[in-house]
Amino acid sequence: MSALLEVEGLRVRLPTRQGPVTVVDGVDYEVQPAEVFGVAGESGSGKTMSVLALLGLLPPGGAADGHARFGGRDLLRLRRSELRTVCGRDIGIVFQDPMTSLHPMLSIGQQLGEPLRIHLKLSRSAAKRQSAELLDAVRIPDPESALRAFPHQFSGGMRQRVAIAIALAGNPSLLIADEPTTALDVTVQAGIIRLLDRLRRERGLSVILITHDLGVMSSIADRISVFYAGRVVESADRKALVTRPRHPYTRALIDSLPHPEAPADTPLVPIRGMPPAAGAFPSGCTFHPRCGYAVASCTTDVPPLVREGERLLACPVDPLRQ
Amino acid sequence: MSVLELEEVDVTYERRDHVKLKAVVGASLSVDRGQIVGLVGESGCGKSSLARAAVGLVAPSAGRVRFEGQDVSALTRRARPRALTRLQLVFQNPYSSLNPRRKVGDQIADGLPHGTGGRAGRARVGELLERVGLSPGAAERFPSQFSGGQRQRIAIARALAADPSLIVLDEPLASLDASAQAQVANLLVELSRELSLGLLLISHDLAIVRHTADVVSVMYLGRIVETGPTREVWVAPLHPYTEALIAAVPRSDGAGTMPDALPGEVPDPARPPTGCRFHPRCPHRFARCPEEEPVLEAAFTARAVACWLPRDAVPTPPSGRAHTPGAPATNESPSSSSHEGVMPAHKGGTA
Numbered sequence: 001m002s003a004l005l006e007v008e009g010l011r012v013r014l015p016t017r018q019g020p021v022t023v024v025d026g027v028d029y030e031v032q033p034a035e036v037f038g039v040a041g042e043s044g045s046g047k048t049m050s051v052l053a054l055l056g057l058l059p060p061g062g063a064a065d066g067h068a069r070f071g072g073r074d075l076l077r078l079r080r081s082e083l084r085t086v087c088g089r090d091i092g093i094v095f096q097d098p099m100t101s102l103h104p105m106l107s108i109g110q111q112l113g114e115p116l117r118i119h120l121k122l123s124r125s126a127a128k129r130q131s132a133e134l135l136d137a138v139r140i141p142d143p144e145s146a147l148r149a150f151p152h153q154f155s156g157g158m159r160q161r162v163a164i165a166i167a168l169a170g171n172p173s174l175l176i177a178d179e180p181t182t183a184l185d186v187t188v189q190a191g192i193i194r195l196l197d198r199l200r201r202e203r204g205l206s207v208i209l210i211t212h213d214l215g216v217m218s219s220i221a222d223r224i225s226v227f228y229a230g231r232v233v234e235s236a237d238r239k240a241l242v243t244r245p246r247h248p249y250t251r252a253l254i255d256s257l258p259h260p261e262a263p264a265d266t267p268l269v270p271i272r273g274m275p276p277a278a279g280a281f282p283s284g285c286t287f288h289p290r291c292g293y294a295v296a297s298c299t300t301d302v303p304p305l306v307r308e309g310e311r312l313l314a315c316p317v318d319p320l321r322q
Numbered sequence: 323m324s325v326l327e328l329e330e331v332d333v334t335y336e337r338r339d340h341v342k343l344k345a346v347v348g349a350s351l352s353v354d355r356g357q358i359v360g361l362v363g364e365s366g367c368g369k370s371s372l373a374r375a376a377v378g379l380v381a382p383s384a385g386r387v388r389f390e391g392q393d394v395s396a397l398t399r400r401a402r403p404r405a406l407t408r409l410q411l412v413f414q415n416p417y418s419s420l421n422p423r424r425k426v427g428d429q430i431a432d433g434l435p436h437g438t439g440g441r442a443g444r445a446r447v448g449e450l451l452e453r454v455g456l457s458p459g460a461a462e463r464f465p466s467q468f469s470g471g472q473r474q475r476i477a478i479a480r481a482l483a484a485d486p487s488l489i490v491l492d493e494p495l496a497s498l499d500a501s502a503q504a505q506v507a508n509l510l511v512e513l514s515r516e517l518s519l520g521l522l523l524i525s526h527d528l529a530i531v532r533h534t535a536d537v538v539s540v541m542y543l544g545r546i547v548e549t550g551p552t553r554e555v556w557v558a559p560l561h562p563y564t565e566a567l568i569a570a571v572p573r574s575d576g577a578g579t580m581p582d583a584l585p586g587e588v589p590d591p592a593r594p595p596t597g598c599r600f601h602p603r604c605p606h607r608f609a610r611c612p613e614e615e616p617v618l619e620a621a622f623t624a625r626a627v628a629c630w631l632p633r634d635a636v637p638t639p640p641s642g643r644a645h646t647p648g649a650p651a652t653n654e655s656p657s658s659s660s661h662e663g664v665m666p667a668h669k670g671g672t673a
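Residue numbers (the numbering used here), protein chains in the order written: chain A, 1 to 322; chain B, 323 to 673.
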């Protein structure tokens, strides 16, 4: 099966007052058709930048290089005007906070109709019909009247459904969801997770799910890449990664989570120290100052990401090998 | 003895259209010294209103709030009574609750009892910073130089400066990464045990409350619907709402189990449903539920639940629990019609 998206050697630099800093340092990943690909990591790990870079959505002054092959083209080589047709039509995006990603003064119908008329060149009436169908697809009750409503009339969960409907308007093959459930209640979060899963099954939609919540990841992602300080440290299919993590960082991340299925006296084990700030990434393996297994070479040698069967691992010490 | 006691507290707001909205209805709870009480519910359930009433930021419209045996009066323009400074509040967002232009040490020193200044004050600030796991040198820095988790520690240190016997924490973990969340959660448990501090921990996340709170109260649309020792409530929830909250928590075991969505949305608190407030979303509802509002009644030991379902059945863990209501259900299970948590034809959002 050929990949829908192949990212290779992605580097992202952002400007700061102290000069440009590298926030994504040579990242590879690929997304298969109808796959939910999870991008996990703490804030500042570069997980969001490594995806937004593909669509030219970096903050002003940000620069990306490397390759991102999608539909026979390299997204990182496209002109802005070409990228604009890809973004919205072939690739949809959903952000964390549906309160700020929807326009408060435009009706849902206006916001949903715009991509339909621009990307699919639909007429006003056809766009309206299509809009109602999209709202129905994301399970918004009474789509006809919802089209006339404004974002503030919806709850957070409903707003996120509307945002997903807008992202789906151009009939994309890839949906990028950046922390789509972080701002929502668990009960509502469960609904959004199920919605993404159904879209994947029914429409063959591929999803890049960016989240720090391994619990969410563990219910829906097919494969997960764990980011730390601008690099991928481990990548494997969901079950292997969550039940048999091999990188000390992945292990630590899992141990710090509350596990609903585990016994009550399972302690929460925080990772010691703090994730490094961009621009101050440690030498060698960026995780070594917080790692309980670090040896001398970890402080100097950058560990390569090595393939082992289905798993990619950037830890030559490999203390968790069984 | 309980350090904080809420008795039948109502919090009522008046909307711009003069409609009275009861955000909290008849809520009772108590917190002992050295005890962590979790208060859990979805957004809009009134848990933050209850927190504000508990510290005197809003005046309850009925019932009473007592702290160390004394009535908590609502905050006015006058100085807060000295005794009430031992009742502290920590807010959700440590990015907005700390002043970005003042040094961390100065902000913590604000909370110190009157007359603690100079060298003694600085020493105490250093101690408090160490107490929450930061270096005393942090006093000379500004909030922007710290991460979210560290800022929340600073906010906690500031609350500790007043030598409190109770701290109300409104979603202190919600804006933090997993690892920072674990650090702050563990810190709270430590502080509670070592300083014999009562904590009222408000959260929407039952999974983290399970690891921190000794006792938990679950709130739905202004009412406390279940309360009990955290461990028991988690293993065998008695209220269908609690059951739904637990089932919605994603399992992080890699098995790919989908969390269960709760159908429908929290109704408008100005027009709560008749009878049991949860009945329109309850998969186990039966004829009595829309008719009569259940009150909290003792169930087993030290637990109470506001639900009409008979309690003769021995509770089983949440996954395999089957209810057998005394009367036939009035409708087919609403959860079967939609697995994504949306109820058909509910809240259309008409302009």
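In case anyone wonders, no lab produced these hints; they're calculated from the structure.
Be a bit skeptical, because a hint or two may be false.
As the list claims (entries may be wrong) - Residues from chain A shown here face chain B by an in silico Cβ test under 7 Å; the list is partial: (1) V242; (2) S256; (3) H259; (4) P270; (5) R272; (6) V306.
As the list claims (entries may be wrong) - Away from chain A, derived, C-beta distances all over 10 Å, residues of chain B: (7) G356; (8) V380; (9) P422; (10) P435; (11) R441; (12) R453; (13) D499; (14) S501; (15) L517; (16) T552; (17) S574; (18) E587; (19) H606.
To be verified - Chain B is faced by these chain A residues, among others (derived, beta-carbon under 10 Å): (20) P59; (21) G61; (22) D65; (23) M158; (24) L195; (25) S218; (26) D222; (27) P260; (28) L268; (29) V269.
Yeah, the Cβ is synthetic: ideal placement off N, Cα and C, and Gly gets one too.
Interface hint for P270/A, Cβ within 7 Å of any Cβ on chain B: At about 4 Å, which falls below the 7 Å cut-off, the nearest Cβ of chain B leaves the hint on P270/A intact, so it holds.
Cut-off 7 Å, beta-carbon criterion: hint that S256/A touches chain B: S256/A check passes; min Cβ-Cβ to chain B is 4 Å, inside 7 Å.
Satisfaction of the D222/A interface hint, Cβ to chain B closer than 10 Å: holds, 9 Å
Given hint P260/A near chain B, where the shortest CB pair must fall under 10 Å: holds, 5 Å
Beyond 10 Å from every chain A Cβ - status for D499/B: With a cut-off of 10 Å, D499/B comes too close to chain A, as the shortest Cβ separation is near 5 Å.
Given as non-interface: P435/B, which should sit over 10 Å from chain A by C-beta: Fine: 31 Å to the nearest Cβ keeps P435/B off the interface.
Nearest-CB test (10 Å) between chain A and R441/B: Non-interface label on R441/B holds, nearest chain A Cβ at 30 Å vs cutoff 10 Å.
Hint status (Cβ of D65/A to nearest Cβ of chain B, threshold 10 Å): At about 28 Å, which exceeds the 10 Å cut-off, the nearest Cβ of chain B leaves the hint on D65/A violated.
Distance rule for L517/B, whose beta carbon must clear each one in chain A by more than 10 Å: holds, 20 Å
Closest C-beta approach of V306/A to chain B relative to 7 Å, hint status: violated, 22 Å
Closest CB of chain A to the CB of R453/B still more than 10 Å away: holds, 17 Å
Distal placement of H606/B relative to chain A, Cβ over 10 Å: holds, 16 Å
Consistency with the previously given hints fails for numbers 5, 6, 13, 14, 16, 17, 18, 20, 21, 22, ordered from lowest to highest.
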